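Take any residue in the sequence shown, note its place counting from 1, add 298, and you have its number in this note's numbering.
Hint data in this document are derived by calculation from the structure and do not stem from the laboratory. Predicted model, so just to flag it, every value in this text is computed and none were measured. It is possible that part of the hints are untrue.
As the list claims (entries may be wrong) - With a cut-off of at most 27 Å between alpha-carbon atoms, the simulated DSS-like pairs for lysine-lysine come out as follows:
1) Lys421 to Lys329
2) Lys336 to Lys586
3) Lys421 to Lys586
4) Lys333 to Lys366
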Amino acid sequence: MEGTSPTAVSYMVDLYAFWVGSYYGGIYCAKRSSKDGKWGSVYALHDFVSGSAVAEGTSPCAAVYRDKLYLFYNGRGRDGTFYAQCTRSGWEPRVTALIDHVPSKQMGFDENTSPAAAVHNGKLHVFWCGSGRDGIYWFTLQENTWNYQSPISGRVSVALNSSPFACTWGKNLCLFYNGSGKDGTYYFTYDGSQSEPWNDPISVPAKMTGGMATADGTSPSFVSTDYGRPRLFWVGSGGHMHGLWSSEAFGDGWERQDNFANEVGRNDLGEKTSPAATTLDVFDTEQKVVERIPFVFWAANSRRNGSALILPIYFATT
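Turn these sequences into a full structure, and let the hints steer you where they fit.
So, in structure tokens, the structure goes:
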């Protein structure tokens, strides 16, 4: 669907990609087998899970916690964030509303924004932009208990129609976002032990030779592996037809930005869509992770099949 982006996650040795379909706005999935590197057949989530209706102009977000795959999305009724769960046995038949875990709270989200999720220090953290453009809100799941956290506001101002990206970077939980001042990407971190949990936001362009700029209505993505440098991806200010840009982190700075087309060739994106970076976990015979292979996904520039707008999904890896 126009204005939405893919998401991907490594689960049970395979790589799963999700996106919002072109026809009815439902979520679709494909799995890449670790055995032969081939993608299986695409299937619609609503064939297995009832109630998975996604808000227009938003995207799903996937994370794995305690051997479960969680797929988060903002609801079509603008009534908050929901999630579907997949286990070794398959998808659970119904979705769950996050707000059901804390019924004393109200929950909304800013228009054309999407949730973000990451696992850190034994907890699953879920973030979203508040409906009043009043900061980033978040829940945490520890084992089987959900807790509502104080909003991250004041120091953080996310660009209009843009969403945060959550990840683990080293020992820290990290949130990247595009600033509302059209001044590039920022990030801030949390080590899990501070009384005031989040550090002050850090400007990426301020620590990058030559600086950077981002396209309106897009969001950043980031990937960190056990080898090589961590890497930030974004859509440049020249717009979706100019493809992705990236920069590698080193020390407390960032390399000069580079057009991703220099590595993978033309990669123009669908309008108002964003990249999705992740890693594929590779296990040894004892089921220990021995390697994390970086992937980045994007929805390509649209074409039409009759009246339906189609955004083909592409990916690149090392």
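Checked hints:
For the suggested pair Lys421 and Lys329, the alpha carbons sit about 25 Å apart, so the restraint of at most 27 Å is met. Between the alpha carbons of Lys336 and Lys586 the distance comes to roughly 23 Å, so the proposed pair stays at or under 27 Å and holds. Distance hint between Lys421 and Lys586 is fulfilled; the C-alpha atoms sit about 20 Å from each other, no more than 27 Å. Between the alpha carbons of Lys333 and Lys366 the distance comes to roughly 21 Å, so the proposed pair stays at or under 27 Å and holds.
The structure is consistent with each of the numbered hints, conforming to all of them.
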